[in-house]
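Here's the letter readout for the chains.
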Amino acid sequence: MMRRFVKSVLAGLAGLAALTALSTGAEAQEIQLTGPLAGAPAVRKLRLHRAGRFEIAPGVSFSLLDQYRRTLLPGAALTYHVTDWLGFGVWGGFGIPYNAGLADELQTKAIDFRDCAHKSFSRPCRLTATNLTHGSIADDQLGRMQWIVSPQIQVVPFRGKLALFSSLFVDTDVNIFAGPAFIGVQERGDCGHDSNGAKLTDCANQSTFTLASRVAVTGTFGLGLNFYPSSFVGFGFEFRALPFSWNTSGFDNHGGGANGDFPDLNVNSADREFHFNSMVTVHASFQFPTSIKTTD
Amino acid sequence: MPATALAQPKAAQPKAQAGKNPKDTSKDKPAAAPAATGDVKEVNLEGGDAPKDGATAPVGGDTPAPAGDDAGLGDICKIDPTACPTIDMEKAANRDMKVQMYAVQQIYALRNHRFEVNPYFGITMNDQFVGHPGPGLAVNWYITNVLAIGVNGNLYAGLNSNSNFNLQTSRAARVGEPVTEYQWNANANFSYVPAYGKFAGFSDFIFHYDFFVVGGVGAISTRPIAVVDPDNRTFDFKPKVSFHVGGGLRIFFNRWLAATLEVSDYLFFDELENPKIALGLDPNTKKPLAQDSSTWLDPGGASFTNNVQAQVGLSVFLPFSWEYRLPK
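Residue numbers (my numbering), protein chains in the order written: chain A, 1 to 296; chain B, 1001 to 1328.
Isolated chain A, as found in the complex (with noise of 0.2 Å):
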């Protein structure tokens, strides 16, 4: 079974299979395709943290790696696991941003520090006039996510231990979940033309730098560790992706030119860029019935 793992895993990399070659020693495992314990479960006595139960998981979600504003979103998750290794849920959470390190600069550098409100005539404010409000950039044309919504499956692929300074023992498992994503998302509104060409309000107006809201409909997907260190109480991390397009600055980007990758003194769907958005979700989680079944 483990030589099914292995050559599993090194099917992939090929590059190292004269390496693998080199192995002599024998694992431990494999005396389990021949032994004695020959056609004997993997794992004894496994204590089935998820079969049967619900599962209630209250959590806090951190965006990564985003450009402008990251996302803190309390939220939950409510899962009732089938079987030990299918679960059926819905997570979600609500969105609180605040402003990434460039937000910031560019609020200073950009737009407090050239005072367009005033200096309207300069260079630099007459270059920025479509893309850079005179306000509050975080509040008038940055990008958000307010609300996610996902019904979700889960699969428990991996079940096993940890040792803790070989001192704390905890029952441990890997998810895989992957679902449809509903996200409530405030960007810039369209300004100049829309998508199908129609006139709007010239960018360079402020008055267009107000965020819009929409519903973008996505997939999400990632994978958890989580800890069980008693029969209905256990704790975990979670790392999600959100993948979908939005713009996140309100900027002119996209439009223009032969592959529309000039600006084009418009925002509309067309400046929306592909994100992989992602988070790492930690939470608790709490098992319903309390009680825990065990296999033979």
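One should not assume that every hint holds.
When the alpha-carbon atoms are kept at most 20 Å apart in a straight line, the in silico SDA-like pairs for lysine to any residue are as follows [stated by the list, open to error]:
1) B:K1276 - A:D112
2) A:K45 - A:V174
3) B:K1276 - B:G1176
4) A:K161 - B:F1211
5) A:K109 - B:G1300
6) A:K109 - B:Q1128
7) A:K161 - B:Y1108
8) A:K109 - B:F1211
9) A:K109 - B:G1247
10) B:K1276 - A:S122
11) A:K109 - B:Y1108
12) A:K109 - B:G1301
13) B:K1240 - B:W1141
Hints in this document: simulated from the structure, not taken from any laboratory.
For chain A, the structure is supplied; the task is to place chain B on it using the hints.
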């Protein structure tokens, strides 16, 4: 380099009276000794066939171990000769043992007194303007099973890449972000493995993993990329003191090969380009001050920089195999 390593070096410890093959009990103290010490408990935990009451321990027992070098392990040797342990059971049973009872017996992949060679590839996680990908290599020597000393290095030269995001931000907001490129980085490190465990995959196969943290000090060679006044400014690479903190996950494919996923932060004080161009002429040389290299760097001083990178690689442990000090 030795072909094998002794996993747990022999230490001067009192002999354990239990845990030995029952047939050896007559050589030492009487088997009738009361089972009141922790030593005896260890025996009962370790040897599933050992009787709880030492006074009634039969010599040979109900399931006498086969004679010979593979005593007690004969089944394994018959089934798979390549997996047959080379432990001399007589010697192993008579040698001094640590009284300490290990919480996890025969850790799958021991690191103690082994080299770890870890080639990896790193990608930037926190620099939106310039990517600093590059190959790296870490070499560690495990002083104990959980503590190692080592070195690692990253090579960035030729792989730095300006991002589209840098272009777009500069174009839209008319601001020039000072950016730098990296040449190389080298560190001396301590590594610690606080947690290890195993997973059953799909209730079918078992694999082992551990978590590690790493910290160290070293140097990183960087230079600013001239974006404010590229006509006049050129910068040379200069090494700076850097600090290294990180942590990661190692998943073992077998006892000497593992995949590693590490996130490391290399912290240093970086020199940035001066956002302003000096005007006028140098009174001594009569050359433009803009061409005076002493005006090229930000007078605000060095900027504290975190170079966070994700590193994915493989770990090869040498020597490839070892013998456990104690039978399973």
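Results for each hint:
{"no.": "1", "hint": "B:K1276 - A:D112", "result": "holds (18 Å)"}
{"no.": "2", "hint": "A:K45 - A:V174", "result": "holds (19 Å)"}
{"no.": "3", "hint": "B:K1276 - B:G1176", "result": "holds (10 Å)"}
{"no.": "4", "hint": "A:K161 - B:F1211", "result": "holds (13 Å)"}
{"no.": "5", "hint": "A:K109 - B:G1300", "result": "holds (15 Å)"}
{"no.": "6", "hint": "A:K109 - B:Q1128", "result": "holds (18 Å)"}
{"no.": "7", "hint": "A:K161 - B:Y1108", "result": "holds (14 Å)"}
{"no.": "8", "hint": "A:K109 - B:F1211", "result": "violated (43 Å)"}
{"no.": "9", "hint": "A:K109 - B:G1247", "result": "violated (36 Å)"}
{"no.": "10", "hint": "B:K1276 - A:S122", "result": "holds (18 Å)"}
{"no.": "11", "hint": "A:K109 - B:Y1108", "result": "violated (57 Å)"}
{"no.": "12", "hint": "A:K109 - B:G1301", "result": "holds (18 Å)"}
{"no.": "13", "hint": "B:K1240 - B:W1141", "result": "violated (26 Å)"}
Going down the numbered hints, you'll see the structure goes against 8, 9, 11, 13, while the others check out.
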